[in-house]
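Number of protein chains: 2
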Amino acid sequence: MVLGRRFILKNHFSGSPKPEDFDLVEEELPPLGNKEIQFKTLFLSVDPYMRPYTARMTPPFTMIGGNVAIVEESTHPDFPKGCVIVTSTGWVERGVVSPEKMNKAAPGGNLGGVRRAPNLGPLSNSLLLGVCGMPGNTAFFGLTEICRPVKGETVVVSGAAGAVGSLVGQIAKIKGCTVIGFAGTDDKCEWLKELGFDHVFNYKKSGISESLATAAPNGVDCYFDNVGGEMSAAVITHMNLYGRVGVCGAISHYNEVGGYSKVTDILPLTIGKQLCVEGFLAGRWAGERWGEGIQAMAGWVLKGDIKPRETVLEGFEKMPQALMGLFTGDNTGKMIVKV
Amino acid sequence: MVLGRRFILKNHFSGSPKPEDFDLVEEELPPLGNKEIQFKTLFLSVDPYMRPYTARMTPPFTMIGGNVAIVEESTHPDFPKGCVIVTSTGWVERGVVSPEKMNKAAPGGNLGGVRRAPNLGPLSNSLLLGVCGMPGNTAFFGLTEICRPVKGETVVVSGAAGAVGSLVGQIAKIKGCTVIGFAGTDDKCEWLKELGFDHVFNYKKSGISESLATAAPNGVDCYFDNVGGEMSAAVITHMNLYGRVGVCGAISHYNEVGGYSKVTDILPLTIGKQLCVEGFLAGRWAGERWGEGIQAMAGWVLKGDIKPRETVLEGFEKMPQALMGLFTGDNTGKMIVKV
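The listed protein sequences derive, respectively, from chains A and B. Under our numbering, the letters of the first sequence match residues 1 to 339, in that order. Under our numbering, the letters of the second sequence match residues 1 to 339, in that order.
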């Protein structure tokens, strides 16, 4: 008899995620059917999108998310015992899945499916959930395809010390841009400066407009937004003609109760400067292009041009705490739980 | 001695434009210098953009705007006595200008310069300020290049009974789209239905979301926005994957005092559906492409596919009243003052 554990989300979050929103259940795993695998999770991803995404689902359900796992038992020839997989089984420590069914539900097999982990050489497999995974491709494609920075332009990143933001700034530096980041602690700001960001501000201490008046006297060309709200409206007022805003996240709103709070309307701000504000999800580049992003990011990491950073909590039972920590800024770089 | 009259804007508007914001001055015109013209205005354009645009200028100045005029005296071979011109002298009944200097200040000569009126055949020259002028090209290029509707898609227009909105809806019908308009009186709604709009709602009587739930059960693909504010946030919540929002105007905000009021943040709304929200000004297509739009619009008018409508006030001294009327919805279609 093999036991597995998983977290059930019992109800929709109201305000911040809380421990009591979850049930940690232990259960006997079924015997393997045809072309199935039993996996043991090694690393679990914790991401801000989980908060708004679950609001569109109907609890109770196994909490969603990506993970890296090792195959413990297998009746599937493509996923033999001992191989490492990247998948999205949700918050499951040990479980049984059918790769066939999961890949059918997630065409392209890049997000939500089950795939063999690419060989990252000397790098940790946890990076498959960060710089060489969904957050890495979010940064890579969001910056290069939505913000489209040109060498010499000025790029602003909000949530700059997060999993995505910290990569965006480093890619923008590789592209020859001036990079300005906003983060929420002095330690985070210090780290971002070490990474090569040209200007970093603690938004809890410095006004956005005042910061940009000094750091971007010629205006902002690209804004990669992870935060939303008044911070974003303030950045947008500093943008240049034909500026591009990539809207990746809006973490300032995710825990609000009773609908998103009201902020300065950005619509009138887009007209005079003819700004393009575009929301996107990484899944847009799932399929053929997914590997292109992963390869580019892994190459930069191996060359030392991009320095990934993780905040790692140990123990499967830490998952709720890790998620809560995203909204209080506990993480620097990618939040990971090591099982 | 020749006398001319013009309106001076004495101070920035505060809230709604008021008669006392203007001085109507009469003055003796200077004798013509080399390559100058004396013109008499026939029609003056009155447009919402005048309200936010003047906020970025330093009063006092001759109030800005486009006009159609006839040349009364000339020392310029390209603009002989008796020819009709399209220009942007501002709110001037009779004056003297140098086409050379004006065209130098407005490269391309399409907006802000002086150009000979194209021959509209049987159509009124006042249309050069509407369907065959800046508002027409705003509708034409804003819809076709920013909203990019595809046959069969659903297009929503706010401020649908205005100079631009009423043309946008008619172009979208020509392109084979389902068109939904929002306007502010039952009479305007009735007229838009006569024009071929599929669904029209009086936003003062019908909720935006409720209206779209019935009129756009499969969602909205394109939103041409002249209004901004909560109306726009509501439309945006109904948009489909990869929907396009063309932000042309934000008339709901223009008369606000002390900064734009706070509304539901649209940034989080752009992410899940990967919406593209783009502000634009018609001047973007000044230059080579300007004539393409004018020709297309004139062709549709001559064929009867587009029915332009004007609200015409008579008398130069009516200019302030006409401008104020834009913000109280006095106009159906293009607001014009006939001198």
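Heads up, some of the hints might be wrong.
Think about it this way: if two alpha-carbon atoms lie no more than 30 Å apart in a straight line, the pair counts; the simulated DSSO-like pairs of lysine-lysine are [unchecked claim]:
hint	chain 1	residue 1	chain 2	residue 2
1	B	Lys175	B	Lys193
2	B	Lys205	A	Lys262
3	B	Lys262	A	Lys273
4	B	Lys273	A	Lys175
5	B	Lys262	A	Lys205
6	B	Lys205	A	Lys273
7	A	Lys173	A	Lys262
A few chain A residues that face chain B, going by a derived Cβ cut-off under 10 Å, partial list only [to be verified]:
hint	residue
8	Val97
9	Ser98
10	Tyr203
11	Gly207
12	Ile208
13	Gly229
14	Val247
15	Val263
16	Thr270
17	Arg284
The hints are simulated quantities; they were obtained by calculation from the structure and are not laboratory data. In this text, a Cβ means the ideal position worked out from N, Cα and C, and glycines have one as well.
Here is what the structure says about each hint:
| no. | hint | in the structure |
| --- | --- | --- |
| 1 | Lys175/B with Lys193/B | holds, 17 Å |
| 2 | Lys205/B with Lys262/A | holds, 23 Å |
| 3 | Lys262/B with Lys273/A | holds, 20 Å |
| 4 | Lys273/B with Lys175/A | holds, 28 Å |
| 5 | Lys262/B with Lys205/A | holds, 23 Å |
| 6 | Lys205/B with Lys273/A | violated, 34 Å |
| 7 | Lys173/A with Lys262/A | violated, 34 Å |
| 8 | Val97 | violated, 26 Å |
| 9 | Ser98 | violated, 28 Å |
| 10 | Tyr203 | violated, 16 Å |
| 11 | Gly207 | violated, 15 Å |
| 12 | Ile208 | violated, 14 Å |
| 13 | Gly229 | holds, 6 Å |
| 14 | Val247 | holds, 5 Å |
| 15 | Val263 | holds, 5 Å |
| 16 | Thr270 | holds, 3 Å |
| 17 | Arg284 | holds, 6 Å |
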